[in-house]
Amino acid sequence: MDFPARSTALLRALDKGIVPPDQPVGRGLLLTTLAVETVIFLWLSFGLTVQWAISLPPALLVSATLSVELARTRRGARGDRPRLLVVALTVTLVLDALLVAFLALLLLLVLVQGSLAGNGILPPLIMPFILGVAIYMRTALPLLLVLMLVLLLDLGVLMDTGPIVFLAAPLVAAVGVVVVLFQTVSFGPSSVVMDRVMAGAGQVSHS
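Under my numbering, the first residue of the sequence shown carries the number 15, and numbering increases by one thereafter.
Watch out, some of these pointers could steer you wrong.
[Stated by the list, open to error] Simulated DEER-style distance windows between Cβ atoms: (1) Ala67 with Leu139: 33 to 41 angstroms; (2) Ala85 with Val160: 28 to 36 angstroms; (3) Val171 with Gly40: 31 to 39 angstroms; (4) Leu119 with Ala154: 35 to 43 angstroms; (5) Arg152 with Ala111: 18 to 26 angstroms; (6) Thr104 with Leu145: 31 to 39 angstroms.
Note that these hints are calculated values from the structure, not bench results. Treat the numbers as computed from the prediction; the structure is a model and nothing was measured. Note that beta-carbon positions come from the ideal geometry of N, C-alpha and C, so glycine has one too.
Between the sequences and the hints, there should be enough to build the whole structure, so can you do that?
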């Protein structure tokens, strides 16, 4: 198989998505997501020199939730999760959403600094447009995250700002964690939730 055919096959595999629209998030994916979230919070102290008093409590909470879910998986528990575990997963979702906002703020400050240094402002304006088109076309989560990572890395190169490259992987991973956790604790996959939200907004606009 030549390179173009392999690339096409890889893109098709990515575009299938992590979670089918009519199925809940699997335990393996949830465990992986919680592990990634724990690592990101621990990375804050090493990568961004955030104080341990700030980064350690969320990491411990997420790791505790991971341990409970892992123990539940080993017992072979089936059916709905206990309410306390659902609450814990919701808290981890909120924590990761705050983490995404924090990393996005740092990225914005880096972009502003790069623009003031004369590195241009056009690339940061193009990136949201490309991602918006990808979301509008209902690109699956894996392909969307890969596209976001590539765009961030390209943005760092075009604007000659090293911190963008340093923030790219944690930010993209945190966005993926948000989506998976949202699918886990919501009343349906994110696509279904967004369809209902958009349908409600359409009804309000026509009323």
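Structure-based check of each hint:
In this structure the hint that Ala67 and Leu139 lie 33 to 41 angstroms apart at CB holds, the actual value being about 38 angstroms. Distance hint check: the CB atoms of Ala85 and Val160 are about 33 angstroms apart, consistent with the given range 28 to 36 angstroms. Range check, Val171 to Gly40: Cβ separation about 36 angstroms, and the 31 to 39 angstroms hint holds. Judged by the Cβ atoms, the range 35 to 43 angstroms given for Leu119 and Ala154 is violated: they are separated by roughly 27 angstroms.
As the Cβ distance of Arg152 to Ala111 is approximately 22 angstroms, the hint placing it in 18 to 26 angstroms holds. Judged by the Cβ atoms, the range 31 to 39 angstroms given for Thr104 and Leu145 is violated: they are separated by roughly 26 angstroms.
Figure legend: structure checked against the earlier numbered hints; hints not met, in rising order: 4, 6.
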